[in-house]
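The chain contents come next:
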Amino acid sequence: MTDAMRDTQGRDLLPPPPKNSVGSGVGMSSGRTSLTGALAQAEPLFCALMPMFLWIDGQARIRALGRTLKKVLGEGVLIGDTFTRHFSVGRREGDLLRCPDGLSPQCEFENCSHQIGACGFSLRHLRDRRSIHLTLQTRPKIGLRGDVLSLPTTEGGGVLMNLSFGIYLSEVVATLGLTERDFAAADLAMEMLYLQEAKSLVMGELRALTARLDQARQEAERLALTDPLTRLSNRRAMEQALSQAVSGAAQGGAPFALMQIDLDHFKRVNDSHGHAAGDYVLQSVARILRETVRHGDMAGRVGGDEFLLLLRGPIERHAVKALARRIIARLEEPKWFSGHECLISGSIGVVFSGDYGPPDLEVMQADADAATYSAKDAGRGCVRFARSTDN
Amino acid sequence: MLGLINRSIQNFLTDTHGAEVWHHVASRLGLPPAGFEPMLQYDDAQTLSLIEAACTELGRSCTDLLEDLGTYLATREPVRRLLRYGGCDYTDFLNTLEDLHDRARMALADLDLPELSLSTSGAGEYRLMVVGNLSGWATVFAGILRAMADDYGVLALIEPEETGESVTIRLLDSYHAQARNFALSRAAEGSL
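Those protein sequences? They're chains A and B, same order as listed.
Per UniProt numbering, residue 1 is the first one in the first sequence, and the count goes up by one each step.
Per UniProt numbering, residue 1 is the first one in the second sequence, and the count goes up by one each step.
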């Protein structure tokens, strides 16, 4: 038994061959117990135990291979084929293991490809390796990896390998149609395929759950920011938008105008025609505001009969005044609910962010409120600007 | 109990008895029609009341319903494929059933399938003990084993025992019919 036939813990990998065994192996040296002969005898055992077994002889030719490896290499593979006809050592083109002997006087070959495995001599560079990566010549996308064990040169050299598909397993199974019987029972290939399939199902379920939760979250968010009766933005949504507008304007961004609209005579509609009529009027107001504002503006209901318009971007006072008058005119159009005429109007107060340096939300809201009250004091159904003589 | 189990029962009711039956069962239980989320956890008691409500709604015995549920599960293509990883023939499949609990856990740690143990009582005669947190699992497995016998193309007599804790299997003909196709590489389609 030579050292090469022991594993790292020093255990024997092969039983000692019978004393009278007649070796038939390549490179058998006379007068010694033939390791190669013993291997040749054990070959069926190796192939049965390791369907991805590969034995390369001292001339870098395939001496034996397991049944699954045979399937992988295809019909054309023959015992005696050169190793490099089917494999290169290393993972990818450009990352292949080159034989360092190419230019040295040790190399006996004139037209050497400098590939490890091109000649028996180059195989000695695998001696100190524990594992090896191979690439299939016919299917360069598929890599194999496995244990490698060098045979002593006194026995004719060569290497033994026990290979596996590693991460290329599913590709190989898909392209070659391998079945459970192609894998050794000790191989975890089946577990890996099973897990991959089960995991993708679980991932599918999780993705579906995430999508449902995300939809529910968006819906909840929408509900949290919407006034259910008028489907305008609610107070919370308006405050968020106003804070953003204020901090934007304070940092030199776009200015904005804030319009507060308090309905006039709304309580009277509610009291004389009922809440259903009141709700109808509020919905009509919402429709008017939606139809009046420009794209990018925002309308919200922030109290029982109190509405806000956020007018984004620079806007002239006369344009705002015209807008406010149009709104008041439409609010004053008679609204009919179940045969009852519902008459309302609106008092409007406006503030401009440009009148503040820098703008402050609380101050602006208080000013808008005060301007709305002065519109009410001035007889309702009119508009007043805060911090302005242009009233 | 993982919602996956409850959801499977929900899908079974919807697919084999119609959406209306499920809606009736859901309203008996005070559940929304959308039912159970497969990846969320639910109380074990909820699974029991779900089965009870389904039996009442359909006017069927619990044993009948759970056996049908087993057959339904094992004939869903994704589940069938995962079960077929259990072995290259039916005997092999039976012998690896003991791994099923751990296999399922490997894929989905929260999925607590019952513990299975197989004993042989003679040539081609087996007894599968089923120990789980839900009484009735053995009946579900009787349905699963029957469907898988068809899948592997074997003829077998499969009966849940009265105790509700085990299933007896008598293998009559291992080459009764052509086994259904199972290729390792075909990606599973659909959902659980």
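A couple of the hints might just be wrong.
Unchecked claim - Ranges between beta-carbon positions, derived for each pair: (1) Leu229/A - Val131/B: 54 to 60 Å; (2) Asn133/B - Glu306/A: 55 to 61 Å; (3) Gly339/A - Asp15/B: 50 to 56 Å; (4) Asp15/B - Leu49/A: 44 to 50 Å; (5) Gly59/B - Gln283/A: 47 to 53 Å; (6) Ser243/A - Gln46/B: 54 to 60 Å.
Because the hints were derived from the structure by calculation, they are not lab data.
A quick note: this is a predicted structure, and the numbers were derived from the prediction, not measured.
Here a beta-carbon is modelled for each residue, glycine too, at the ideal position from N, C-alpha and C.
Using the C-beta atoms of Asp15/B and Leu49/A, is the stated range 44 to 50 Å upheld? Given range 44 to 50 Å: holds, Cβ gap about 46 Å.
Just to be sure I understand the hint, the distance between the Cβ atoms of Gly339/A and Asp15/B should be within 50 to 56 Å; is that true here? Hint holds: Cβ distance 53 Å, inside 50 to 56 Å.
Starting from the hint 55 to 61 Å, judge whether the C-beta atoms of Asn133/B and Glu306/A obey it. holds, 57 Å
Starting from the range 54 to 60 Å, see whether the pair Ser243/A and Gln46/B falls in it by beta-carbon distance. violated, 44 Å
Given a hinted range of 47 to 53 Å, is it respected by the beta-carbon distance of Gly59/B and Gln283/A? holds, 49 Å
Look at the Cβ atoms of Leu229/A and Val131/B and judge whether their distance stays inside 54 to 60 Å. holds, 57 Å
The earlier numbered hint that this structure contradicts is number 6, and it is the only one.
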